[in-house]
Amino acid sequence: MAVVAAPIPHGGGVVVPTTEVTRSYRGLWSWITTVDHKRIGIMYGVAAGTFFLIGGLEALVVRLQLWVPNNTLVSASTFNAMFTMHATTMIFLAVMPLSVAFFNFIVPLQIGARDVAFPRLNAFSFWVFISGGILLNLSFVLGGAPDAGWFGYANLTSKQFSPGPGIDFWILGLQVLGISSVAGALNFLVTIINMRAPGMTYMRMPIFTWMSLITMILLVLAFPAITIGLVLLMFDRHFGTNFFEVAKGGDVILWQNLFWVFGHPEVYILILPAMGIVSEILPVFSRKPLFGYAVMVFSGMAIAFLAFGVWAHHMFAVGLGPLTDAIFSATTMLIAIPTGVKIFNWISTMWGGSIRYTTAMLYAVGFIAMFIIGGLSGVMHSSPPADLQQSDTYFVVAHIHYVLIGGSITALLGGIYYWFPKFSGRYLNETLGKWNFWTFFITINMTFMPMHWTGLLGMPRRVYTYAPELGVTTLNQISTVGAIGLAFSILLFVVNVFVSLRYSPKAVADPWDGATLEWSISSPPPIYNFAQVPVVHSRDAFWAMKYPDRTEHGDLPDGDGTGSPHAHLAPTGHTGQPAADLVEAKPTLIHMPAPSYFPFIVAMGLVIAGSGIVFTFALTPVGILIMMAGIFGWAFEPA
Amino acid sequence: MSQAVAERTSGAAPPAASTTHALEAEHPHTSTGVDSRKMLMWAFLASDCMFFGTLIATYMVYKQRQELIPPVPREIFDIPYTSVSAFVLLLSSVTMVLALDAIQHNRVARMRTWLIATALLGSVFLAGQYYEFTSFFSEGLNLSTSLFGSSFFLLTGFHGTHVAIGVFWLLSLVVQSWRGKITQANALTIEIAGLYWHFVDIVWILIFTLVYLIPE
Ligand SMILES: [Cu+2]
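Chain order of the listed sequences is A and B.
Going by our numbering, 443 is the number at position 309 of the first sequence; the sequence numbering is gapless.
Going by our numbering, 478 is the number at position 103 of the second sequence; the sequence numbering is gapless.
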């Protein structure tokens, strides 16, 4: 059968024959102009990984400075810059974009789509993100890095107390990253709602896609608060307004409110995708459907809804009054309920399953353990009297790292081990993987567990040194040794990636006997993802397709779990309808969006315009002109 | 053969949409039936609500803790003047509806007229805001005079920027219609611009009420 010519629409787009499984991706230009969600996902992953290493080095400087009391390794101001850039980098340039890498690569595949709803907007988000990250880090060489902490409390950030350009870089960087995040979130919101394969109702969506959707809603609604806060700060610093000028009646608490109205939803933006990843890994390696799928979905929604009503728990030390404190304390404790429900559901998913401890599964189980510890210390903060003791001490540092490293990063690393065959067409080495996991698991506990005591003994965070009389020297040294071990573990991961890309065997389409549609296509997927758009008849669509005799909520038949999907591929099962229709693809032509360089140009224009606040305002009109030219080209380019 | 393949590819799409890819490109099949661009605009407006909400909240908070640094709102606002410009903006929503109605009935020239009218009314509003700002400056109110000055100019300026972007957008639609790019089939392009325009108008009603009519 020859390639069948389908009518080609007027102008634009590229037509890809399904016989062409992978296109040769060559040259920098093909990456700059790409609108393929998979390549954009890979770029997000690589960039986030690089920023993660930079943020990690900054943390090492902090830990080395705290090795002995009254240390003089770095100055107080360098120390301030290090912890500020460490937190800002890890949150905005590492964990968030690493989650975005998963949204990009996995979500369209899980919902059976050929790309996102707006492929060029997606490329735009990436280029804005990468420029924001580079600008923020340029501050190190251009006049000093920001040093007012990642939550940049007013009036530390005022011209009076921070005259240098560091804070301006911070404002610019966060604004630019905010634009990228919101543009990306709007795109994926529409993608998930509108691009689902036929038959994939909301309650049949894979759980990772669900958690992604909830994250998008949080991003779209939470980012405006910090964006406006940063605009107010920028006007204070450059245009003479008095929003945070106490002498003119300005209120520094306004900043705290604006920041944390964003800041608390932000922690769920960081953890919900991780929860989604774990909820994908556990069922596959337990060979059981996710326990309480609907409850998992609704508890995710409950977490997101409550997220907007708890922000003042970051401000108990301000003295907002007993009533305010009591209300925010109660709403905060409420969040523990849906979170606890999730933990019990994960454990119940594993209960009675035939568990395979692959590296991905180890990370997922490790996530549950670490997240319980981080969650419990979080509940402790929700009580104002306890929080007053813990506020601004290392106890809080311990909590946030258990949630963000023990939680988010652990799950994200697990997700990389799980989906790496799909990303790259090769497996990550399991032996190196297990070494990586166990060193990681031991060293994060060694680094952050002692900080609970360091904090309760009274060591304040963000102070560049401590006195020997405080009695925390040994605890600090354990943490520092742990941090060096953690760096070693991350190095092991990086080595694993490079070694595996070169020497690992080529991956099959469905190495883990997966439940969701991304495993139904080759590894890595062809440019158009699905030769035939699948039709979905139940949850866990790919399982149902492979095991037609299985009832929707039933366990899988016994098997070695090595997954040999094509043996099971049957278009119909004798129990009735097949779960998903996947027929051997006939050669045909598929219309895909064309590469475009306009997203890159618009992103560059936007960043140049914004750079006016750190360099010279003459740049702003230049940037706006470039941006308008780019938008013009974008609008008239046939999509 | 090609039709059969295309039909399979588009899944449950109606037969009309599955005969050629060209038709699919113009009316992409979506899970909800709502066009993705329209949904994108709705989601963006939800986000924009939070932007304006934060700015309005800032203004309201600072209005209460106002130390009476002159000029205060009561003495500086010219309610009749601002009422007229609010009315002009409200009127532009009507002309926007007429533009959409025209293109839905395939009357491109009439749509163009109404689009130009909408852009003109928007420009009149902007000119009015420019005049208002300059007269406030001359009475001694600027960004750094007081918290009132800071939060007033930022809020109304943010809204004015939205109107300016809207005017620019409307004019680019006019240019596109001259090039024959806007037809009854893609009236959605006008509808989406209209969604944005009406949102900006509604926000002004809110600002006008909260800032001007209840100044204390
Ligand atoms: Cu919080």
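The set of hints was computed from the structure by calculation and includes no laboratory data.
Among these hints, one or two may not hold up.
[To be verified] The calculated lysine-lysine pairs, modelled on BS3-like cross-linking and capped at a C-alpha distance of 30 Å, are: (1) B:Lys413 / B:Lys556; (2) A:Lys568 / A:Lys640; (3) A:Lys382 / B:Lys438; (4) A:Lys293 / B:Lys413; (5) A:Lys293 / A:Lys382.
[Claimed, not checked] A few chain A residues that don't get close to chain B, going by computed Cβ distances all over 10 Å: (6) Phe252; (7) Pro358; (8) Gly383; (9) Ile471; (10) Thr599.
[Claimed, not checked] Derived contacts from chain A toward chain B, CB cut-off under 10 Å, selection only: (11) Phe357; (12) Val365; (13) Phe377; (14) Ile760.
No experiment lies behind these values; they were computed from the predicted model shown.
Glycine included, every Cβ here is placed at the ideal spot set by N, Cα and C.
Hints the structure fails to honour: 4, 6, 7, 8 and 14
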